[in-house]
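Chemist: Each chain, letter by letter, is given below.
2 protein chains.
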Amino acid sequence: MKILLDMMGGDNAPLAPLEGAAQVIKAHSDIEIVGLGDEQAVRALAQEKNIPLTGITLVNCTQNIEMDDEPALAIRRKKDSPTVVGLSMLRDGEGDAFVSAGSTGALHVGSSLILRTLKGIKRPALACMVPSKEKNYLLVDCGANAECRPDMLQAFGIMGSCYMNKVNGVADPVVGLANNGAEETKGPPLYQQAHQLLKETPGLNFMGNIEPRDVPMGYADVVVCDGFTGNVILKMTEGMAKMILTILKGMFKKNIGGMIAALLLKKDLFALKKRMDSEEVGGAPLLGAKCPVIKAHGSSSGKAIKNAILQAKTCVEKDLCGTMQAALNEMNARQKATEQTASAESQE
Amino acid sequence: MKILLDMMGGDNAPLAPLEGAAQVIKAHSDIEIVGLGDEQAVRALAQEKNIPLTGITLVNCTQNIEMDDEPALAIRRKKDSPTVVGLSMLRDGEGDAFVSAGSTGALHVGSSLILRTLKGIKRPALACMVPSKEKNYLLVDCGANAECRPDMLQAFGIMGSCYMNKVNGVADPVVGLANNGAEETKGPPLYQQAHQLLKETPGLNFMGNIEPRDVPMGYADVVVCDGFTGNVILKMTEGMAKMILTILKGMFKKNIGGMIAALLLKKDLFALKKRMDSEEVGGAPLLGAKCPVIKAHGSSSGKAIKNAILQAKTCVEKDLCGTMQAALNEMNARQKATEQTASAESQE
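Residue numbers (our numbering), protein chains in the order written: chain A, 1 to 348; chain B, 1 to 348.
In short, the hints are calculated from the structure, not lab data.
Among these hints, one or two may not hold up.
No distinction is drawn between identical chains; accordingly, a pair holds when it is met within one copy or between any pair of copies.
[Said to hold, decoys possible] Straight line, CA to CA, 27 angstroms or less: simulated DSSO-like cross-link-like pairs of lysine-lysine:
id : residue 1 : residue 2
1  : K79       : K186
2  : K253      : K135
3  : K186      : K242
4  : K253      : K274
5  : K254      : K135
6  : K273      : K253
7  : K273      : K133
8  : K79       : K135
9  : K267      : K253
10 : K122      : K318
11 : K133      : K242
12 : K318      : K26
13 : K267      : K254
14 : K2        : K119
15 : K166      : K303
16 : K242      : K290
17 : K267      : K26
18 : K242      : K266
Assemble the whole structure, with the sequences as input and the hints as a guide.
Modeler: The structure is reproduced here in structure tokens:
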């Protein structure tokens with residue numbers, strides 16, 4: 001299996017991608033890595049840090065998309081960037097998946113424009129695993145599509161369910177629609193209509209609406225919403241965890257009692273902090289792209305890049321994209337049949 | 001000053017309203033309470049619990065709006081409910097403010113239909129104080145208007161700023177627009193347009209967008225958003241606090257070390273839990289209603305009702321509605337002037 005890897009994306013590039021790639025190669029003989037980026041810089045760093053390049057083919061890219069580049073413009077103009085080269089190679093069958101810690105916007109736009117999307121999907125959704133009380137859940141869309149139509153939310157539910165089943169091994173994943181009330185009639189029209197579509201989707205384990213208060217409790221395996229709302233859920237999770245952990249830190253430093261308590265709880269507190277850390281939960285798949293594309297966190301370490309590559313590997317092995325396409329085809333066929341019935345009935 | 005009080009709203013009615021009213025009367029000789037509800041039941045309870053009715057005038061209501069009543073329908077049909085009677089009396093000058101722990105939806109619809117709104121406001125916004133790291137902030141709208149126009153978000157900012165200044169005594173409150181990025185161009189069109197309007201509002205201390213990650217840090221005194229997003233922010237705050245506090249509880253119960261740590265931190269943990277409790281932060285004002293209307297939490301205790309009444313008192317004393325109307329008038333005058341200039345320029 002050939003994984004295409006952006007060597008220049010993220011705060012710690014090219015060191016983190018290099019370390020991640022080397023760690024994967026060392027443990028997985030079935031993976032070949034194609035590293036895209038400034039070949040000379042990568043080679044020099046590999047030598048300096050004594051990281052072997054065995055199993056890693058380097059493809060030189062003379063450009064790079066920066067975080068402040070306008071995504072659509074960058075995709076058109078920076079043809080020799082790892083993002084554009086990687087997605088083009090993926091489209092042309094020269095790799096099985098693409099992993100990048102670079103600009104999310106460029107990866108999202110590039111996936112639509114270069115790699116293209118599954119049939120029935122106009123723009124891929126960004127999904128990510130978010131920590132909750134019981135278990136991590138998949139949030140779709142967590143920020144890519146600020147504006148959505150009801151059928152997009154339905155597709156998010158279907159693709160999210162496929163992902164949790166194939167990649168995370170959850171049998172019959174519970175899908176919830178984030179909404180401001182349990183009743184079907186709650187929320188703006190987008191959410192009311194999406195609720196009906198999700199409810200009617202065959203084979204989907206749809207629990208109905210999930211209120212934001214219950215989202216952190218982990219009652220759903222997949223939480224569906226538009227990208228604006230998803231961003232709020234994701235960032236409120238981060239912000240609230242940070243806020244409460246900061247308050248706790250204050251308690252521990254306040255006096256000798258606090259310090260003793262901190263020592264007693266040390267291991268558990270470390271685990272809690274780690275669990276709340278978005279870096280620990282892996283990369284974010286772009287669901288709906290024609291082939292597996294994984295967006296690794298911008299601040300990814302070598303370990304995080306390694307995990308993102310292994311996530312991509314599972315997507316390929318389990319034929320995630322094929323499974324999602326089959327499920328989307330079924331949804332589309334059913335919708336067409338319903339429309340035809342409705343039109344035939346109205347003509348009678 | 002005469003405060004109208006719904007005696008039948010909330011989970012603990014009529015006991016909580018009765019206790020709250022009695023506590024207020026005892027400490028504030030300038031307040032007169034008009035209690036609306038089942039007079040016989042209230043009198044019987046007052047006698048049973050030995051709560052004096054001095055300073056409380058009871059107005060008998062034969063109906064009550066329940067939580068599962070459809071708000072608009074209930075306002076039309078239940079004319080003799082505390083909500084409809086209270087808002088009518090307020091409109092007719094038979095009271096200075098209305099406090100209710102009953103149905104939020106009915107109070108919201110009723111405020112528009114019966115009491116009416118300030119000039120330039122179509123529907124009032126529900127605002128509430130939300131705990132954050134540094135201090136509590138005012139979230140507007142926290143759930144009443146799921147769909148908003150850009151000028152509504154502008155008005156939320158203006159009214160929220162007036163409220164924090166007049167009622168909470170914050171000088172020049174910092175107003176932030178909840179959005180998925182710091183740049184002006186971020187978010188859906190609604191948020192991009194609202195950003196421009198808020199930026200151009202004279203006298204408003206607008207900090208620009210505030211990312212949801214920073215909302216719990218308390219960087220803004222007023223956080224502006226549509227009611228759907230506001231509900232997500234409010235409920236994620238609740239949910240995340242509950243989740244992390246539950247995990248902490250697990251640590252404390254796990255072993256003897258945890259138990260000792262819990263003992264050492266007892267006071268601080270209690271304070272943290274209390275701080276995260278929505279019940280502690282008072283009632284939610286319906287900003288934009290013609291006179292002060294305070295929605296107390298459904299699970300309000302006597303103390304919470306007392307606090308909501310005192311909140312209403314401050315709104316009256318500081319002429320909150322008059323101040324908000326003056327600020328809104330200025331906004332409208334400026335907008336008209338801008339439109340006229342633009343139209344004159346286009347005709348040249």
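Chemist: Compare the structure with each hint and give your call.
Modeler: Hint-by-hint comparison with the structure:
1. Taking the shortest alpha-carbon separations for K79 and K186, only the inter-copy value of 25 angstroms comes in at or below 27 angstroms, while the best intra-copy value is 45 angstroms.
2. In the homo-oligomer, the alpha carbons of K253 and K135 lie at most 27 angstroms apart only across protomers (20 angstroms), although the nearest pairing inside one protomer, at 30 angstroms, exceeds that limit.
3. Taking the shortest alpha-carbon separations for K186 and K242, only the inter-copy value of 24 angstroms comes in at or below 27 angstroms, while the best intra-copy value is 31 angstroms.
4. For a Cα distance limit of 27 angstroms, the shortest separation of K253 from K274 qualifies both inside one copy, at 20 angstroms, and across copies, at 20 angstroms.
5. Proximity of K254 to K135 under the C-alpha cut-off of 27 angstroms is restricted to the inter-copy arrangement: shortest distance 19 angstroms between copies versus 32 angstroms within a copy.
6. When the C-alpha separation of K273 and K253 is checked against a cutoff of 27 angstroms, the pair qualifies both within a copy, at 17 angstroms, and between copies, at 19 angstroms.
7. In this assembly of identical chains, K273 and K133 lie within 27 angstroms of each other by CA distance both inside one copy and across copies; the values are 13 angstroms within and 17 angstroms between.
8. With identical chains, the CA atoms of K79 and K135 are never at most 27 angstroms apart, being 40 angstroms at best within one copy and 48 angstroms at best between copies.
9. Proximity of K267 and K253 under a CA criterion of 27 angstroms is satisfied in both settings, with 17 angstroms inside one chain copy and 14 angstroms between copies.
10. Taking identical chains as interchangeable, the C-alpha atoms of K122 and K318 lie at most 27 angstroms apart only when both belong to the same chain, with a minimum of 23 angstroms there against 53 angstroms between chains.
11. For the homomeric pair K133 and K242, the shortest alpha-carbon distances inside one copy (16 angstroms) and between copies (9 angstroms) are both at most 27 angstroms.
12. For the homomeric pair K318 and K26, the shortest alpha-carbon distance inside one copy (22 angstroms) is at most 27 angstroms, but the shortest distance between copies (70 angstroms) is not.
13. In this assembly of identical chains, the alpha carbons of K267 and K254 lie at most 27 angstroms apart whether taken from the same copy (20 angstroms) or from different copies (12 angstroms).
14. Proximity of K2 to K119 under the C-alpha cut-off of 27 angstroms is restricted to the intra-copy arrangement: shortest distance 24 angstroms within a copy versus 65 angstroms between copies.
15. For the homomeric pair K166 and K303, the shortest alpha-carbon distance inside one copy (22 angstroms) is at most 27 angstroms, but the shortest distance between copies (52 angstroms) is not.
16. Taking the shortest Cα distances, K242 and K290 never come within 27 angstroms of each other, neither inside one copy (36 angstroms) nor across copies (39 angstroms).
17. Taking CA atoms no more than 27 angstroms apart as the test, K267 paired with K26 passes in neither setting, with 30 angstroms inside one copy and 51 angstroms between copies.
18. Taking the shortest Cα distances, K242 and K266 sit within 27 angstroms of each other both inside one copy (17 angstroms) and across copies (21 angstroms).
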